Amino acid sequence: MSAARLLIWDFDGTLAHRRGETGWSILLAEALDAEEPGHGHSADTFRPHLREGFPWHRPEVVHPELCEPEAWWASVRPVLGRAYEAAGYGPAQSLELADAARRLYVDPDVGWALFDDTLPALGRLSQAGWTHAILSNHVPELRQIVSALGLDEVVAFLSCSAETGYEKPHAQAFASVLDVLRPAEAWMVGDNVVADVLG
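Per this note's numbering, the sequence shown starts with residue 1, numbered consecutively.
Read the hints as simulated data drawn from the structure, not as lab findings.
Please read these numbers as outputs of a predicted model, since none were measured by experiment.
For every residue, glycine included, the Cβ atom is placed at its ideal position computed from N, Cα and C.
Quick list of simulated restraints, FRET-style, between CB atoms: (1) D107 / E68: 14 to 24 Å; (2) V194 / G20: 20 to 30 Å; (3) A4 / G40: 47 to 57 Å; (4) A156 / G38: 44 to 54 Å; (5) G90 / A4: 48 to 58 Å.
Produce the complete structure using the sequences and hints provided.
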């Protein structure tokens, strides 16, 4: 596979969003809504406790051992659990809530949406001769989410950190796309200067 002119897109916050948030705080509150209506917590309750612990918080650390979905989620489950514990829930219940949050997050029919201009922009750029790829620090189920949103019809290639073990801005994350497609010209499009540009 090759592409003469390549646009490499970030996913979350660039092409699509979940409930308008790039992050997990709303998700944790949403999972709690289903389990304990009227709990009184908001996304703000959880946000301070989700600023570290995800693989992308340490992009300099390569993690091939997390390239299987269950291994990846096993590493993230305690992070989500600690956020619930900080809100006053016991350890066992916090891990159950973390599992509920996982189920919600990976369901492409619950909360995920493309930005209104995503498909029109991709279509116009395709007509102008650009090939599209996605490079994202994301969950192992990213391919299913992308497919459910209809992006696999316009995106030629996808590289997800949960599959490669490399988080942007690690140079090998970008190489996971560039070495396969070998474009003559490539541009990265994203919403995070550190992750999407500095690599």
